[in-house]
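Novice: In the order they appear, the protein sequences are chains A and B.
If you read the first sequence in full-length UniProt numbering, its first letter stands for residue 1, the second for the next number, and so on.
If you read the second sequence in full-length UniProt numbering, its first letter stands for residue 1, the second for the next number, and so on.
No lab work stands behind these hints: they were computed from the structure.
The reader is advised that the hints may include incorrect statements.
Which copy is meant is left open, because identical chains are indistinguishable; a pair holds if it fits in one copy or across any two.
[Claimed, not checked] List of simulated lysine to any residue pairs, SDA-like, C-alpha gap at most 25 Å:
| # | residue 1 | residue 2 |
| --- | --- | --- |
| 1 | K60 | E107 |
| 2 | K108 | S491 |
| 3 | K471 | E425 |
| 4 | K444 | R30 |
| 5 | K471 | E21 |
| 6 | K489 | Q470 |
From a predicted model like this one, the values you see are computed outputs, not experimental measurements.
There are 2 protein chains.
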Amino acid sequence: MNYIIGMDVGTTATKGVLYDENGKDIFSARYGYPLIQEEVNQAEEDPQLIFDAVQNTIFKLAQKVKGQIAAISWSSQMHSLIGLGRNNELLTNSITWADNRCAKVVEKAKKSGLARKIYEKTGMPMHPMAPIYKLMWLKNERPELFNHAEKWCGIKEYLIWRLTGKLITDTTMAAGIGMLNLKTLDWDQELLELLEIDQNKLPKIVKPTQVIAAVYPEYVQKLGISTDTKIILGASDGYLSTIGVNAIDSDHFALNVGTSGAVRTIVAQPKIDQNASYFCYPVDKQHYLLGGPINNGGIVFNWARQTLFDANEIPQDFLDVAQTAPAGSRSLIFLPYLGGERAPIWDANARGSFVGLTRMHQKPEMARAVIEGIIFNLYDAAFSLIKNTKKPVAINATGGFLKSDFVRQLCANIFNIPIVTMKEEQSGTLAAMFLARQALGWSKKLDEIVQFAQEDKVYFPNEKEVAVYQKLFPLYCEIRNDLAASYRKISR
Amino acid sequence: MNYIIGMDVGTTATKGVLYDENGKDIFSARYGYPLIQEEVNQAEEDPQLIFDAVQNTIFKLAQKVKGQIAAISWSSQMHSLIGLGRNNELLTNSITWADNRCAKVVEKAKKSGLARKIYEKTGMPMHPMAPIYKLMWLKNERPELFNHAEKWCGIKEYLIWRLTGKLITDTTMAAGIGMLNLKTLDWDQELLELLEIDQNKLPKIVKPTQVIAAVYPEYVQKLGISTDTKIILGASDGYLSTIGVNAIDSDHFALNVGTSGAVRTIVAQPKIDQNASYFCYPVDKQHYLLGGPINNGGIVFNWARQTLFDANEIPQDFLDVAQTAPAGSRSLIFLPYLGGERAPIWDANARGSFVGLTRMHQKPEMARAVIEGIIFNLYDAAFSLIKNTKKPVAINATGGFLKSDFVRQLCANIFNIPIVTMKEEQSGTLAAMFLARQALGWSKKLDEIVQFAQEDKVYFPNEKEVAVYQKLFPLYCEIRNDLAASYRKISR
Ligand SMILES: Nc1ncnc2c1ncn2[C@@H]1O[C@H](COP(=O)(O)OP(=O)(O)OP(=O)(O)O)[C@@H](O)[C@H]1O
Ligand SMILES: Nc1ncnc2c1ncn2[C@@H]1O[C@H](COP(=O)(O)OP(=O)(O)O)[C@@H](O)[C@H]1O
């Protein structure tokens, strides 16, 4: 009984990693599921299919060690919303963070000042990703469904309920709803009243290390685990992938850039931003997760590789060509908002641009400008955190976009902060595993996570290039502002 | 004695075309010369080398018809400035329109209001291309040279003086100095006084059809022409390439887009623009040439071909790919100011941009947006003329960028005006030849030029695409304005 499974319920797939008693990952499994997009802006998932993926994952991992699983602990996508009926039967699919159908509700709430109030009370950015806006939208558009629902929860809560019969949530997941009061760390009364939702319709909030007695016997057998296997409540992927790279206080930022990206840090006090440019989600009364989710990461790199070069070009070719251009790409500025943007500008209509072309700018400059622009945007998001907290000692970085020495060094130069890479990239499941160790008493304090989340290489800023980018970044910001007004018109 | 030579003294080369008595071109010749760029922003030419090219050209053409040349008539680059000493010896090179060393003088004159005054008096845009600013610059920076000069003229005046001993200019060339009063059609007294230049230091102004007695015997022999060969004064290339496509009144615009471009029309009254966005040069008291010179024509097409594709890609490939994208390039906007811009924005610091990128935009959209952007800029320049005059019946178009059916049709759709192509692309030398015919009495009225400047194909606007571009053009203008403030900062 020395093994722990860290589960990561993502938007496109569920991944599970099997860890041994020393916290070493020994096996992993992954099962995907489709996004349901039957109408414009819809982005739902079938909770049953996710539950199937979860069962497959656990079964596959448990088999490897003959069911000797001490605990299963959870990292989960945030902001999903599921409506349940009298017997907890599904009334809706899981409406994901990517579902934008409540965009108009958000627009209205922005104008009325309600969105600002929600941000100040709960740290939730003014964005359709938040279930509180999805609830407002359902209340208006589907009143019957809305009134009929006995419970509202997210996908993690639903999955654990299926396995154990307990419908509870943890603070980090609750924060993702947009109704968790930053001061009381409980559901906000005023917002509950506004929505006319009884407190009982929302899951009870407990801490992430909560141990849930046992799995239903039928699943113990079906999944090939043990009757002693414990379910550990776990937390949001945002929180876990932050502590999972050992960014446990404001000395470190966690930067993950895969297809999309995020920059996050943990501070001791709730701290909201004048421009609402980042989220502030409570973990407990001493820890608050600040950060920004960023749409335009490797997905833009990928677009540029295929568009400026062609589909057969491998990433390394693109990087090689980009490196032949000088730092700053001869002042060619690229705004990477190809998929609209969340942090730091929170504008779904935003678009990408190359600004400042002359005949000196050839393919290498355009390629390098794309990479620099993606990183300027990451820095822009990080900068709003720095302004409200402090400059971190280092940035702990993971993700496919940050795979090369070139891009890592560029990050260090643009951020003017050392970039540290991690030995273990699966930070979410790793931290879920760590929560299980705490729950089981195998590890004690949070800072022991450093034993598992080990740092690898450090990339120090290069003074000369820092100077180039410090000059260029204000220009990037200016152009970002100059173009803001035109996006709405372009998108019509 | 039935042949006429039309000479075109351009910035990179002198071209000569030999015409028979029916105005048919039967032979042509071309000799180039280098631009002198020994310091930043300098762009001079050696008048002697140009005179050599002129001699070579005439010699080559005259040989073809055993010297039976009735007349040699001249089309010339505008805005060149040459200082001459007591015996008309050269004190300077020919300082061309492309020389930007007086940019600061123009900046100052803009701030003081002097530039505006010059525009209002003379129709000369507030730009370093104008000799009046070059004279101010020389007065400040090279006072000895400035005071020493006995005459100031342009390259056409110098060449004709070398051949005939007469130093005279015509109204269309005089207009290019920036000191010709729009009302009096003579040198402006106030500006002469401001510059402390005596009227006698500038060539006398006569009309373009002026016949100059005879060529020096030494050159008659050297060039292989006849003692009866007449020199016809000729005019500016701007004016001649307008009447040379049969755009002799405001019913027609002339559009030429080669490496760079220009849009021009002839109106009956002087008409200046609120924003000084085009020039207004007198021809005579009934004719005024309005128009805008545009830096970013085929040179930008060429850049895009080499940068988005590669240097081996032929123009047709680029056009083929561009045509696979829908009209409007899915709202991707390209600002073509890669070489700064003269008309219509008159901003040397302007730069190129792609604005509005999403992941839907691939190579075809980027390619098409480049072509559309180049044409939007042409239309933008034409639009300032239309606002102050009227919408023309047709646009008579020439130049390498307008060679394909696709680009011509696109022009018709963006301008929402029929595009007419010409049988004869060498409109400058053709019109110079026509002036000679008038001077010789072979042709009478200007409208007879239509016999030689014959229209070829017509491209009518396509309603559906017109609608797309009428929606997109305001967006193009808005983005053009939004980015204006950033160019100065980028260029530092
Ligand atoms: N098929 C084509 N479609 C569009 N543009 C083209 C094509 N072929 C050539 N060009 C562009 O046309 C330009 C050359 O045109 P042209 O020969 O009329 O110009 P030029 O005489 O050099 O220029 P200018 O008239 O400005 O002095 C080049 O910049 C080239 O990129
Ligand atoms: N060498 C590279 N340099 C920069 N980006 C890369 C490189 N290789 C892959 N990518 C980008 O990384 C992204 C995938 O990263 P990954 O961390 O696996 O993302 P995710 O888990 O979010 O899908 C893709 O968008 C891809 O374009």
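Novice: The structure should be examined with respect to each hint, and the outcome stated for every one.
Specialist: Hints, verified against the model:
1. Proximity of K60 and E107 under a CA criterion of 25 Å is satisfied in neither setting, with 45 Å inside one chain copy and 74 Å between copies.
2. Taking the closest pair of Cα atoms, K108 and S491 come within 25 Å of each other only inside a single copy of the chain (19 Å); across copies the shortest separation is 41 Å, beyond that limit.
3. Neither within a single protomer nor between protomers do K471 and E425 lie at most 25 Å apart by alpha-carbon distance, with minima of 33 Å and 48 Å respectively.
4. Proximity of K444 to R30 under the C-alpha cut-off of 25 Å is found in neither arrangement, the shortest distances being 30 Å within a copy and 87 Å between copies.
5. Neither within a single protomer nor between protomers do K471 and E21 lie at most 25 Å apart by alpha-carbon distance, with minima of 50 Å and 65 Å respectively.
6. Within a single copy, K489 and Q470 get their C-alpha atoms only as close as 31 Å, which misses the 25 Å cut-off; across copies the closest is 14 Å, which meets it.
In the structure shown, a violation is registered for the earlier hints numbered 1, 3, 4 and 5, in ascending order.
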